[in-house]
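The sequence shown maps to residues 143 to 565 in my numbering.
I should point out that these hints are in silico values taken from the structure, not numbers from a laboratory.
Do not rely on the hints blindly, as some may be mistaken.
[What the hints assert, rightly or not] Straight-line Cα separation of at most 25 Å, DSS-like style, residue types lysine-lysine; simulated pairs: (1) K265 / K293; (2) K335 / K214; (3) K357 / K265.
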Amino acid sequence: MYKRSVLIFVLLILMLAFSAPALAQDPVTIQWWHISTIENEAAYWQELADAYTAANPHVTIEITILANADYKPRLTTVMQGNDPPDLFQSWGGGVLWEFADAGLVRDISAELEGEWKDSFAAKAALELYGQNGEYYGAPYTWGAVGMFYNKALFTQAGLDPENPPATWDEFLAAVQTLKDAGITPVALGELEKWPGHFWWVYLAIRAGGQDAFLKAYNREGSFADEPFVQAGEYLQQLIALEPFPEGFLGLGYGDQETVMGNGEAAMELMGQWSPAVQAGNSESGEGIGDDLGWFPFPMVDGGAGNSDDVMGGGDGFAVGANAPDETVDFLRFLTSAESQRAGSFFLTPVVNGVEDVYEDNPITSAIVEARNNAPYFQLYYDQFLPPAVGAAVNDAVETLFAGVATAEEAAQAVEESASFELE
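Assemble the whole structure, with the sequences as input and the hints as a guide.
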């Protein structure tokens, strides 16, 4: 892979040398924060930075790499100090929009308009990086949260790996079958809370569909309405089966991926980045290889949602309010087809013209198909909703996993925050 990437970056340097726009030659430094702590992913970003600065020698790019758990509080701190990085990791949605309302990010809509904007295949993803005609950044990977599963463990338990569960009842039955076979059914590390919130959000989507969420969000309804209570009740059905690793409330996200990558659990609800993280966190460094499969989140019986509705998202970069112009040009380079092609070993491309890089990868192909064909695509609640409400969702869902709240109490806790923040 790296021999191929070296050739690609040589080509990128040559392309930039001849095609990069004329920029002021005064020395410029770009402060860039990202969360790719896995070695080969961090190396990819470094190579892109090196390629860009080779073609633009007046630019210096200073990279800060932070683990996800450390990144969010540190970003909050610098934002409160009115000192945003020039380019920083963002998931779009309500958190980014709040930064925009505070004047902490730069509107790049003028630079984005035209060929760059038209290059994005994941239009819904791009829209989450803007509001009211303004754009503050762009995605570089986007996909769907779904169920990763270990085909070998399915076979060991007597389940058909080619026909994974399609309904919630089938899913619960598969969990019980796995438990009976002495296999940990579901990998989960709930210490950081966001992995667990995926379960409640997806169950709310299946139970209530887009209509329930929009009514609650627009304050025509409530996050304590029946679909959100039902989501908690369905989740409690799963929790009652005790399907998670021992001590899961104290395990982190990295632990969750280690469990999956080592083949120690049969399923995991996670986003499109998971295979790379599983492999990176596994003892072998390769994960479970061809034994890994993927299927959409199951449908609940009688739910108002569509079985093809998707909860997901991805990663992107936002531009700080005081960032130099070169930052926007560098972001354009990061989201180019050539850069996306070079990074296809771990990211799900968001631009046109790179479909061939994943056509032989059944998992990525299935995720892209789900992403592109979803009648309703919902960004993670803890990113789409204002930060305080997103935090309330994560906290409320954790109380369900800990067994210290009812489904009604968890939904009401979310509503109490929403009624204050959204009205």
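Hints, verified against the model:
1. K265 / K293: violated (33 Å)
2. K335 / K214: holds (13 Å)
3. K357 / K265: holds (24 Å)
Violated hints amount to a single one, hint 1; each of the other numbered hints is respected by the structure.
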